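Participant: Based on the hints, put chain B in the right spot on chain A.
Protein chains in written order, with the working numbering: chain A, 1 to 356; chain B, 357 to 768.
Relax, there's no trap hidden among the hints.
Taking lysine-lysine and the DSSO-like style, the derived pairs with C-alpha atoms no more than 30 Å apart in a straight line are: (1) K153/A x K184/A; (2) K7/A x K676/B; (3) K670/B x K696/B; (4) K670/B x K7/A; (5) K153/A x K696/B.
Simulated DEER-style distance windows between Cβ atoms: (6) P739/B x H218/A: 37 to 43 Å; (7) K184/A x P484/B: 36 to 42 Å; (8) L170/A x A514/B: 25 to 31 Å; (9) E199/A x E570/B: 32 to 38 Å; (10) E570/B x D294/A: 27 to 33 Å; (11) D216/A x E570/B: 23 to 29 Å; (12) T89/A x P739/B: 50 to 56 Å; (13) P718/B x D8/A: 40 to 46 Å.
Since the hints were made in silico from the structure, they are not lab data.
Keep in mind the model is a prediction, meaning the values are calculated, not measured.
Where a beta carbon is used, it is the ideal one built from N, C-alpha and C, also for glycine.
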Amino acid sequence: MSDDDRKDMERRIAGARQQRLATLSALEGAVGGGKSLDDMLKKTGAAVLGKLDHVIGLDAPVPKNVPAGGGAAPDVAGRERAITERALTSSEAPAEARAAALRVTGHSINESEEGIDRLLAVMADAGEPTQLRREALRTVRQFRFSSRTLRDKRPELVAALRTLLDDPDLELRSTGAEMLAKEKDEEVQRRLLSGLAGESEPIVDAARAIQLLGYDVHAEHLPLLHEIVDRSEDVRAREEAIRVLSSDPSAAGLLADILRDGRESTVIRSAAAVALQNVAPLEFERHARAIAVDEGDDAELRAMLIAALGRFANPASLLEDTELNQRVERIAGDEGAHSELREAARGYQTRVARGP
Amino acid sequence: MKTALALNGGTTATTNYLTWSPSPCEVRLVENGGAGGPVTVRLRNQRTDVGGQVVFYAQLPGEPADELEIDLPADGGAVEIYVGGKYPHASIADGDAAIEMVQSASGAVLSVTPLMVRIRKDANLLTPGERLRFLEALGKLNNKGQGRFNELRDMHRASVEDEAHGHPGFLPWHRAYMMDFERELQAIDASVALPYWRFERPAPNLFHRDFMGEPDGTGTPRFSLTNPLQYWKTDNGARIVREPYFRPNEAPQLADEVQTMAYGDEFELFRQLEGDPHGYAHTSFDGDLGAPDTAPMDPLFFLLHNNIDRLWAKWQYQEKRWDASDLRSYPYPGGASGPKWPRIGHNLSDTMWPWNGATAAPRPNDAPGGALASSPVVAAPGPSPRVGDMIDYQGRLNPAHRLGFDYDDVRF
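Same shape as in the complex, but just chain A (with noise of 0.2 Å):
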């Protein structure tokens, strides 16, 4: 950016500034004055900001030739206000206006208590429009980082997400519960446990719950985590339970089976070789070099495990492995070979002669 990149960025910046005023104004009409937001944004000759195409469908271009210096008018901060509270309040604008106005001027009250208040409550009432609440969710995800006001009304977040969990729309149930998992709310933890069970209708699929439980997970998960990773038949779940017990050193004899499992998928077989080497790394050493050296066994799995030892084994026990080091270098050397397993064996070797 020499000067004159800054004066082209200028110019820039003065074609956003008119654009969003020009939006604001389609805004105010559509959520105040019951017009369409398509009219609006047509009579007022604005072009659509990205963040509203997926609403509205328009994708108008950027107005050229707008004169350097243009600034945003003094009361933005304050329009902006005031087309969130009517997008929150006003129920007789359509559904589509008022979610386009809160993706654009929701910001505008991250620090109000009211506006929050409000924000929360539109997210979590039945009878407003899934279009908006699912925006209301969105602006509340977003304040989550931005907000100071929001961060002290933690109880109010919580119970307004656990009105969620029952909600119709699976966005708006999956995301609920997702947010509850991370604040680890004890009361999603067991709606997501009873569902996993089958005593109770599931918030979500089994996958989704259990990579949702994973972000807290208690001693009294373990069992159904293991018996659905030894039983179940849905493969989604099965993986995501494994990826759950890699902190679970508990299930490193459950973990070590799978890997070495010839009738397990790779997928499954590599996610038990993760969780493995976390919960018990010198028993998935073991069970890697075993893997890696059987000419029998499946070269993606053998390409991954490869790569591993190189990675985290001992360089100096490894140096000291004449049969697997005498298997990588056949890789190494084998033009035909499976290349991912050819470039594992490579780069293995670069990393054992380098050492430690």
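Facilitator: This is chain B only, laid out in the frame that chain A set:
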């Protein structure tokens, strides 16, 4: 006749790393070959067709030049000049740049000093070599979820949010955080610079099995068989949970660079970016990135925040905001010198947790990680940085303020 060139106050290769910002360079005669008086030498890039390139400054302030002629005292006294990377010619590998010093009279090459113009780049545009070095260093830093990575992760928990979020110090704190992280990577591989995820643009090379993982629709990023991130581990075990709301050949919906710059020409207005695009970048995913407490469990977090820092750097360049005494650069000097933000840690003169080791209320009750990592290349900001130390990151007001990083699209 022999000469020596010392970059960044050092005489070993560990200090031969430059950014766009001018770095101190000492040049001297080591053997004067019987010269009775000063010897005139010319400094230049050894090659101009490949690799990183440098420019020379006879003094600061001053204009950069592709070559510089100086007189070296015959008694071996040092001549101090400055050297910086020549924008936009960054290195792609360690030692791919070199300063050649020739005797002006004879044209004889007296010394060649390999170096690297080490610049933070768009992750989607890295070469395979750059990507692999970064991933290997990242994997070693993670070290199966142990050691230093754990401490870096623990700096960004929900319990400590007031240190870093929702207050003006959001940008300075995260600049220090990214610097700490990058210096730890450089302690493993000095050729690594932390790349950034330019989230307003599609990044198919980033969301790829060979890099940060390809989304599979279920929240499990899929890695190639030899990708070090296969074994990424944090407090939740060996897994990354990440599912984007956008396809790899698309970008998430958030404020783009120009819209972000348009927030305003004063810091208090510009810091709206904490909501959009920062908050929306995080929440354009289901999974770890979607909440402050869990976000650093995903290595993509560090590339996301590096882009936030790049946007701040770009805004600083656009609006010329490097002077910490200018309230438009940062409006809360604290103390008696001006407006004061009520929460400690967000005024210019405040030190920043956790690097300050402060654990008395209202600070958190522990401070993981200890002092901010040092660098062999620069002395700033020291082990316990202040908010104000993050403003003049290129050393424009004082070369001693340099923090040792630059971005590929923000010049000096």
